[in-house]
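Asker: Here is how the chains run, residue by residue.
Number of protein chains: 2
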Amino acid sequence: MKHFKTEDFTLESGSEISDINIAYQVFGDFSPSKKVVWVCHALTANSDVEDWWNGLFGENDLFNSDKYTIVCANILGSCYGTSFKSEEKLPLISIRDMIEMHQKLADFLNISSIDFLIGGSLGGMQALEWAVTNPDFISNLTVIATNAKHSPWGIAFNEAQRMALNSGENGIEAARAIALLSYRNYETFDKTQEDNEEKLENFRAATYQKYQGEKLRKRFTKESYWILSKSMDSNNLGRNRISIENALSKITAKTLVIGIESDILFPISEQEYLAKNIKNSKLEIIKSLYGHDGFLLETKQILTVLKNYFIELKVED
Amino acid sequence: MKHFKTEDFTLESGSEISDINIAYQVFGDFSPSKKVVWVCHALTANSDVEDWWNGLFGENDLFNSDKYTIVCANILGSCYGTSFKSEEKLPLISIRDMIEMHQKLADFLNISSIDFLIGGSLGGMQALEWAVTNPDFISNLTVIATNAKHSPWGIAFNEAQRMALNSGENGIEAARAIALLSYRNYETFDKTQEDNEEKLENFRAATYQKYQGEKLRKRFTKESYWILSKSMDSNNLGRNRISIENALSKITAKTLVIGIESDILFPISEQEYLAKNIKNSKLEIIKSLYGHDGFLLETKQILTVLKNYFIELKVED
Chain P
1 MKHFKTEDFT
11 LESGSEISDI
21 NIAYQVFGDF
31 SPSKKVVWVC
41 HALTANSDVE
51 DWWNGLFGEN
61 DLFNSDKYTI
71 VCANILGSCY
81 GTSFKSEEKL
91 PLISIRDMIE
101 MHQKLADFLN
111 ISSIDFLIGG
121 SLGGMQALEW
131 AVTNPDFISN
141 LTVIATNAKH
151 SPWGIAFNEA
161 QRMALNSGEN
171 GIEAARAIAL
181 LSYRNYETFD
191 KTQEDNEEKL
201 ENFRAATYQK
211 YQGEKLRKRF
221 TKESYWILSK
231 SMDSNNLGRN
241 RISIENALSK
251 ITAKTLVIGI
261 ESDILFPISE
271 QEYLAKNIKN
281 SKLEIIKSLY
291 GHDGFLLETK
301 QILTVLKNYF
311 IELKVED
Chain A
1 MKHFKTEDFT
11 LESGSEISDI
21 NIAYQVFGDF
31 SPSKKVVWVC
41 HALTANSDVE
51 DWWNGLFGEN
61 DLFNSDKYTI
71 VCANILGSCY
81 GTSFKSEEKL
91 PLISIRDMIE
101 MHQKLADFLN
111 ISSIDFLIGG
121 SLGGMQALEW
131 AVTNPDFISN
141 LTVIATNAKH
151 SPWGIAFNEA
161 QRMALNSGEN
171 GIEAARAIAL
181 LSYRNYETFD
191 KTQEDNEEKL
201 ENFRAATYQK
211 YQGEKLRKRF
221 TKESYWILSK
231 SMDSNNLGRN
241 RISIENALSK
251 ITAKTLVIGI
261 ESDILFPISE
271 QEYLAKNIKN
281 SKLEIIKSLY
291 GHDGFLLETK
301 QILTVLKNYF
311 IELKVED
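So the protein sequences, as listed, match chains P and A.
Residue 16 in full-length UniProt numbering sits at position 16 of the first sequence, and the numbers go up by one each step.
Residue 23 in full-length UniProt numbering sits at position 23 of the second sequence, and the numbers go up by one each step.
Hint data in this document are derived by calculation from the structure and do not stem from the laboratory.
Note that identical chains are pooled: a pair holds if it fits in a single copy or bridges any two copies.
Derived BS3-like pairs: lysine-lysine, alpha-carbon spacing no greater than 27 Å straight-line:
(1) Lys-199 <-> Lys-104
(2) Lys-199 <-> Lys-250
(3) Lys-149 <-> Lys-191
(4) Lys-89 <-> Lys-199
(5) Lys-89 <-> Lys-2
(6) Lys-210 <-> Lys-149
(7) Lys-191 <-> Lys-276
Construct the entire structure; sequences and hints are all you get.
Answerer: Below you can see the structure in the form of structure tokens.
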């Protein structure tokens, strides 16, 4: 893991942060013959894309470091090596702030353009923002299960999580359990957490929720969880840009939008909206038992969609 | 409000409770010429059915106390006047325990049979249980947005709420915000809590969640919320009855099952399952922007369905 340091930064909210230290990883060498792939990670992930997105990123995968130079930076607000100082305990970090920081890092790395920019969920929000704000910088854009403006439904889910975080020390466990409900759906729990014993309590679905809560508490901080949930809420490509449609019309990258049929958090309607309003775009829908989490789990399907898309675009993969 | 007292009671779990005091209300006099309507209330409601189900129950409504004798008892575990002593701080109260208590009260009131038994959600669970356990006692049964066995999805929602309750003093506020997500859906929040201002935070959907959380904290106890959420989880008509299908086949009441198309907590598939497995049953689906909460809010549609059903059955309404 490498670190990129920068002194001062004014957030979109107007607040100042300082002593910023961005953790990032580069997989593969920089070379004029190699295409640059930039990955924007989601809420609780990190710069180690070969870990959390294996099947797409790794030695034997489509995006491997022999063929590509792959960059992934831990986002501003996250707790995996990225840090900063702030007057405010929990400053509001917008998606635009994250992209301004990604751009600073890209400039520092002497990247003149990104051949493939890819992200799902909160990562998709960043990728869209970058393609809107600096269209010439991005040649190909792939976004999965994301949106142009976060929905009232998504904000309500996030607020319930922040209310849980505020309740006390282990609130992050409840917050994760809430999030999991939005990442999955009725079918997921029905097919994977059904009890057939005749009992009165200690059901599998309940045990699973507690397990997932504890697991996150051990690897994440409540401060980062709070900040990034507010970042997600703030997502609105149209803010101070006349309209969302106007913002999306700025994107010149060849764009692939992938939606997951069973996603209740970022429903297909949001993916259709993106594809409809981005000029050079194509929409692909994949099926999954896992709802929104399909963006991490259905790597085989995503791979197939990406490979076909590359053939169509006559891109060497 | 009246009170029914009973000394000792052995719960389905084997635990003992004592000094039980059940708060209940009777609307209208008992008279041989009047039909008896019994209402089973849901999670955070109470015996005042004319308050929380007005539009169906009240002076000018279908179920009025001039024509019917209407009984509604605050359920065991709830905090609206019903109380008990227990060795365990939070005993497990099953739906069967609630019905055993309702039956004791019905016997005390010299009710020889119930002409109309009606309930939605947790109230529907009770109504189904009563019709299974004492079929001859119930002539007509109407259940709305409920199930025969609580789903892993429903249990996961409840566990997230209990994790929030456990987090600290105001955990009940987060619990209510979580519940609200399951009572509504994407469309509900989209149509009622959209922001059009270009802001970075303090979105309407978040404010709404906080408001609903505070509102419940002021009127409910965390102990009751915990107990009743476990009661809901325990719902399984098939427990120790060979199978759910076998249990449902015991019901002899003429049964109307009402489902709400947009209900994500008690989806239509669960209503179809009930109607399919209850002999003299009819299924009606209503539409609502409000998802599961439609069972409380769509009284006009429920009224229309009930009136048509009464005509079909040649019941005087």
